[in-house]
Amino acid sequence: AQKVTQAQTEISVVEKEDVTLDCVYETRDTTYYLFWYKQPPSGELVFLIRRNSFDEQNEISGRYSWNFQKSTSSFNFTITASQVVDSAVYFCALSVGSGGGADGLTFGKGTHLIIQP
Amino acid sequence: EAGVAQSPRYKIIEKRQSVAFWCNPISGHATLYWYQQILGQGPKLLIQFQNNGVVDDSQLPKDRFSAERLKGVDSTLKIQPAKLEDSAVYLCASSLGRWETQYFGPGTRLLVL
Chain A
3 AQKVTQAQTE ISVVEKEDVT LDCVYETRDT TYYLFWYKQP PSGELVFLIR
53 RNSFDEQNEI SGRYSWNFQK STSSFNFTIT ASQVVDSAVY FCALSVGSGG
103 GADGLTFGKG THLIIQP
Chain B
24 EAGVAQSPRY KIIEKRQSVA FWCNPISGHA TLYWYQQILG QGPKLLIQFQ
74 NNGVVDDSQL PKDRFSAERL KGVDSTLKIQ PAKLEDSAVY LCASSLGRWE
124 TQYFGPGTRL LVL
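Quick mapping for you: the protein sequence lines, in order, are chains A and B. As numbered in my numbering, residues 3 to 119 make up the first sequence, in order. As numbered in my numbering, residues 24 to 136 make up the second sequence, in order.
If we strip away everything but chain A, and leave its shape as in the complex, we get (with noise of 0.2 Å):
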């Protein structure tokens, strides 16, 4: 079975100070994927980034850094730089291969993250 285990239920931190949060995740399989989403206060769902488990390396875009490190299973998230924008809750995911393609997500509790101006 698998698990995402995000540890940081809540985080605040005032606007243009960096960010860090955690993502833990447990598989058996070899194939898989793990992903963020963001969700703002509307409750949209909405997709920041996907990695394979073959491609460990760290990706940045703009303000936003992922750190994916399969030797202790976490995929961090790092905002630089925050903004009040930012605030949302935010969910790392994870996806494994089954017979014909990925299955579902299995998402962690997510981490609401709240940036004071």
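Rather than coming from a laboratory, the hints here were simulated on the basis of the structure. A hint or two may mislead.
Here are the simulated lysine-lysine pairs, DSBU-like style, with alpha carbons at most 35 Å apart [unchecked claim]:
1) B:Lys-67 x A:Lys-40
2) A:Lys-72 x A:Lys-18
3) A:Lys-5 x B:Lys-38
4) B:Lys-38 x A:Lys-111
5) B:Lys-85 x A:Lys-5
6) B:Lys-34 x A:Lys-5
7) A:Lys-5 x B:Lys-106
Fit chain B to the known structure of chain A by using the hints.
The following block gives chain B in isolation, referenced to the frame of chain A:
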């Protein structure tokens, strides 16, 4: 490109009543998913379709929940009869295929009184 559409956006019903939700995926997306998100938790997969066939419904409470995807496009999720614990947001997502990224609709917020 239009996103995933869902309706209604909000629904309030009494327990033991029935309710149905509708989802229209992104055009051309073969895979469709229904998730249940209870307040304060991450979404939980209920059912996954590939075209009009069911791939995974292991977490769908089949005594009261049903879903179909006729013609491999739109999908409906039904609850009959509803219980108080069914109060949640029901999210529909779609992807080009089973290896592709899932994109989510705005959700239907259900309150069972």
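Against the structure, the hints come out as follows:
1. Of the supplied pair hints, the one linking B:Lys-67 and A:Lys-40 holds, its CA atoms being roughly 16 Å apart against a limit of 35 Å.
2. For the suggested pair A:Lys-72 and A:Lys-18, the alpha carbons sit about 30 Å apart, so the restraint of at most 35 Å is met.
3. Pair hint A:Lys-5 plus B:Lys-38 holds up; C-alpha atoms about 32 Å apart against a cutoff of 35 Å.
4. With a C-alpha separation of about 27 Å, the suggested pairing of B:Lys-38 with A:Lys-111 holds against the 35 Å cut-off.
5. Taking the CA atoms of B:Lys-85 and A:Lys-5, the gap is near 24 Å; set against the 35 Å cutoff, the hint holds.
6. Note on B:Lys-34 and A:Lys-5: the hinted pairing holds, with a Cα-Cα distance of about 31 Å set against a maximum of 35 Å.
7. At most 35 Å may separate the alpha-carbon atoms for a hinted pair to count; A:Lys-5 and B:Lys-106 meet this at roughly 27 Å.
When held up to the earlier numbered hints, the structure conflicts with none and fits them all.
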